[in-house]
Amino acid sequence: MDIQLKRGMLEICVLSALLREDSYGYKIVKDLQPYIEISESTLYPILRRLESAGALNVYSTEHNGRLRKYYAITEHGRGRIREFLNEWNGMLAIYNYIKEEMSENE
Amino acid sequence: MNKADFLTELQRRIAEYPSEETKRSVEYYTEMLDDRIEEGMTEEEAVASLGSLTDIAEQIKCEIPLTTLVKHKAKEKTKSKKLSPWVILMLILGFPLWGPLLLACFCVFFSLYMLIWVFDIVLWSGTVALGAVVLNGLIGCIVNLVRLSVPSACFYLGSAMLALGLCIFWTWGTKVITKGIVYGTKRCFIQFKKSL
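Chain order of the listed sequences is A and B.
Taking my numbering, I'd label the letters of the first sequence as residues 1 to 106.
Taking my numbering, I'd label the letters of the second sequence as residues 107 to 302.
FYI, nobody ran anything at the bench for these hints, they're computed from the structure.
Glycine included, every Cβ here is placed at the ideal spot set by N, Cα and C.
Among the clues, some could well be false.
[As the list claims (entries may be wrong)] Among chain A residues calculated to face chain B with C-beta under 8 angstroms, some are:
#1 25
#2 26
#3 39
#4 40
#5 41
#6 44
#7 48
#8 64
#9 66
#10 68
#11 72
#12 82
[Stated by the list, open to error] Taking lysine to any residue pairs in the SDA-like style, the calculated list, with each CA pair at most 20 angstroms apart, reads:
#13 A:69 x A:23
#14 B:129 x A:7
#15 B:177 x A:49
#16 B:129 x A:68
#17 B:285 x B:223
#18 B:167 x B:121
#19 B:109 x A:65
#20 A:30 x B:144
#21 A:6 x A:31
#22 A:6 x B:168
#23 A:6 x B:164
#24 A:30 x B:142
#25 B:167 x A:3
#26 A:27 x B:154
#27 B:177 x B:120
#28 A:30 x B:134
#29 A:69 x B:134
#30 A:69 x B:142
#31 B:109 x A:66
#32 A:27 x B:223
#33 A:30 x B:136
#34 B:109 x A:63
#35 B:167 x A:7
#36 B:109 x B:158
#37 A:27 x B:136
#38 A:30 x B:149
#39 A:69 x B:144
#40 A:27 x B:168
My request is simple: use the sequences and hints to build the entire structure.
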């Protein structure tokens, strides 16, 4: 997959993984792995970016005698997902056009 | 590689970045390892599953915003110029010694500088003296003309003319020297300011 596209998709995926409940790094990776290729080292910069963009909040909670960072989606983050879904309609139209042209003129 | 080794190595590789970034990264990877170990992996397995350290360090570096990096470098620069607390303490404790020495040094330089100006004042008084001779010659000339002793009047006029010539020459030289002193003083001040 194109690297720019994947980057944008990953951000939306990570935000979506936080919709149901606040989550932590390892769980996000595990939740997303069936759908998209993601590792901890790729997740880390994404979380940092989303945090500085105000799309998610970070807080620490004690877990088994150590601190674990939890991530919570913000209203801005939800807006990003909505934006993505809206854009996707346009993308789909383009996709269908390309597919049609290809099948007619192959 | 076990957890502690991995974290030490990671810290070493990203130590040059802002300490806040380093701290956050190490915290993040500590948490990742702990979560895996909690799930039943051994330390070695957990470390191996994170991928190569080089990639991880590279990722961290790429994602630090450029502005943060620049600020960090700028801060490092200003830090190196500041005096350490130890040096400041030594300066305070040593004041009874270096204070009077500095004062004495200043006094010596100040008196040498004054000497230059005294020399200049002497030159200017030469101008005044020659001016007085001119005035004297002219008065003498007029007085002798009134007395109708022409040769004496001529002598006074001649001496006045001679003194006037000398006076003009002398004043010109003195002016040049005074300008030189002022220029030198200015240059010294500029150099001093630059060195601060």
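We went through each hint and held it up to the structure:
1. 25: holds, 6 angstroms
2. 26: holds, 4 angstroms
3. 39: holds, 6 angstroms
4. 40: Given a least distance of 5 angstroms, the restraint on residue 40 of chain A holds.
5. 41: With a minimum Cβ separation of about 5 angstroms from chain B (threshold 8 angstroms), the hint on residue 41 of chain A holds.
6. 44: holds, 5 angstroms
7. 48: Since chain B brings a Cβ to about 6 angstroms from residue 48 of chain A, closer than 8 angstroms, the hint holds.
8. 64: Check passed: Cβ of residue 64 of chain A comes within 7 angstroms of chain B, closer than 8 angstroms.
9. 66: holds, 6 angstroms
10. 68: holds, 6 angstroms
11. 72: Result: violated, 16 angstroms to nearest chain B Cβ.
12. 82: violated, 26 angstroms
13. A:69 x A:23: Holds. Residue 69 of chain A to residue 23 of chain A sits at ~8 angstroms (cutoff 20 angstroms).
14. B:129 x A:7: Given that 20 angstroms is the threshold and the Cα spacing comes to 25 angstroms, the pair is violated.
15. B:177 x A:49: Given that 20 angstroms is the threshold and the Cα spacing comes to 18 angstroms, the pair holds.
16. B:129 x A:68: Distance of about 14 angstroms is within 20 angstroms: holds.
17. B:285 x B:223: holds, 11 angstroms
18. B:167 x B:121: Holds, at about 11 angstroms.
19. B:109 x A:65: holds, 17 angstroms
20. A:30 x B:144: holds, 14 angstroms
21. A:6 x A:31: holds, 17 angstroms
22. A:6 x B:168: Distance ~17 angstroms between residue 6 of chain A and residue 168 of chain B Cα, so the pair holds.
23. A:6 x B:164: holds, 19 angstroms
24. A:30 x B:142: holds, 11 angstroms
25. B:167 x A:3: Roughly 18 angstroms separates the two Cα atoms, so the pair holds.
26. A:27 x B:154: Answer holds: residue 27 of chain A to residue 154 of chain B is near 18 angstroms, not above 20 angstroms.
27. B:177 x B:120: Answer holds: residue 177 of chain B to residue 120 of chain B is near 17 angstroms, not above 20 angstroms.
28. A:30 x B:134: Holds, at roughly 16 angstroms.
29. A:69 x B:134: holds, 8 angstroms
30. A:69 x B:142: Status holds; Cα separation ~15 angstroms.
31. B:109 x A:66: Roughly 15 angstroms separates the two Cα atoms, so the pair holds.
32. A:27 x B:223: Violated, because 83 angstroms separates the two Cα atoms, which is more than 20 angstroms.
33. A:30 x B:136: holds, 17 angstroms
34. B:109 x A:63: holds, 19 angstroms
35. B:167 x A:7: Between residue 167 of chain B and residue 7 of chain A the Cα gap is close to 17 angstroms, so the pair holds against 20 angstroms.
36. B:109 x B:158: With a Cα-Cα distance of about 14 angstroms, the restraint between residue 109 of chain B and residue 158 of chain B holds, given a limit of 20 angstroms.
37. A:27 x B:136: holds, 15 angstroms
38. A:30 x B:149: OK: residue 30 of chain A and residue 149 of chain B at ~19 angstroms, within 20 angstroms.
39. A:69 x B:144: Holds: residue 69 of chain A and residue 144 of chain B sit about 15 angstroms apart, inside 20 angstroms.
40. A:27 x B:168: Distance of about 24 angstroms is beyond 20 angstroms: violated.
Violated hints, in rising order: 11, 12, 14, 32 and 40; the structure is consistent with all others.
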